[in-house]
Amino acid sequence: MLTTSTVARAGLDAIALKPTECDVSRAASIPAETIAVDYEGREYVPAPSVLESLSADADVFVTTPVRADGFDPLGDDSLLADLPASVSRVLVAGHPAYLTDEERERAVAPRLGAALETDPDAWVGSESVERIAMATGATQYDLLSRSTPRELRALRAAGFEGDLAVYAPAVFAGEDDAVLDAVGDYVARRRPVARALPEDCATDSSATGRAREVLLKAAGDYALVGTEREVSEQTDSLREAGATTVVGYPARGLDPLLE
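Numbering-wise (my numbering), the sequence shown opens with residue 9 and increments by one.
Keep in mind that the hints were calculated from the coordinates and are not lab data.
Note that this is a predicted model, so its numbers are computed, not measured.
Every residue gets a Cβ at the ideal spot worked out from N, C-alpha and C, and that includes glycine.
There's no promise every hint is true.
To be verified - Label pairs and their in silico Cβ distance ranges: (1) M142 with E238: 27 to 33 Å; (2) R247 with E51: 22 to 28 Å; (3) R199 with G49: 20 to 26 Å; (4) G217 with L266: 32 to 38 Å; (5) S245 with M142: 21 to 27 Å.
Whenever a hint applies, use it, and build me the whole structure from the sequences.
Written out as structure tokens, the structure is:
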């Protein structure tokens, strides 16, 4: 990794990509050692050739919901054959928005266990299945929240020696309007924030009053926000608390990370 890159100066160990928001192949120009591709539906999984190309210069992880047809280790796992051998996986229960009613009813624990038997180096996303994920002993892939530093310290104090990866949107901007336009919707969906927000309020830069106050506070809890130096201070704090990998999703697009 080039020490002059935004990724390095901000202290990010990896970047996360959303295929519906960017051309994933452009990440080849970003000096990142690890790239994690989010799952937004089977039709948006990048082509094998794109993943293969990215893996030539970086460790690539693709998120695969173990309850979804195509990635179900106890059922239809036909899409796994399309993943290049050079690509690793992030095993997740799967966001309900991307699953059918039938898929949502499938048991998570036995599927995570079966998937790890064939891919023991996979990361395991802990969202909504924290205890099950921890029981696997695999690298934990957690979403940043206000309680993350405390939870990381508690895990290390309890003797957990495995890898702990933390995922967070990254906003390289200090202006409030820019922050809200980038992550306002995201933080508004987090349960504690949703409860604190006024009903039917705006969640972008047009938010005012209490809604704006809540959203800006939440942006600091659930995202990495500020200048490169300020984000670096946040990533350093997470590692000091026990994180081994900090994964940043560029919430304002890839351009700020391109050389």
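Hint check:
no., hint, in the structure
1, M142 with E238: 27 to 33 Å, "holds (31 Å)"
2, R247 with E51: 22 to 28 Å, "violated (36 Å)"
3, R199 with G49: 20 to 26 Å, "holds (23 Å)"
4, G217 with L266: 32 to 38 Å, "holds (37 Å)"
5, S245 with M142: 21 to 27 Å, "holds (22 Å)"
Going down the numbered hints, you'll see the structure goes against just number 2.
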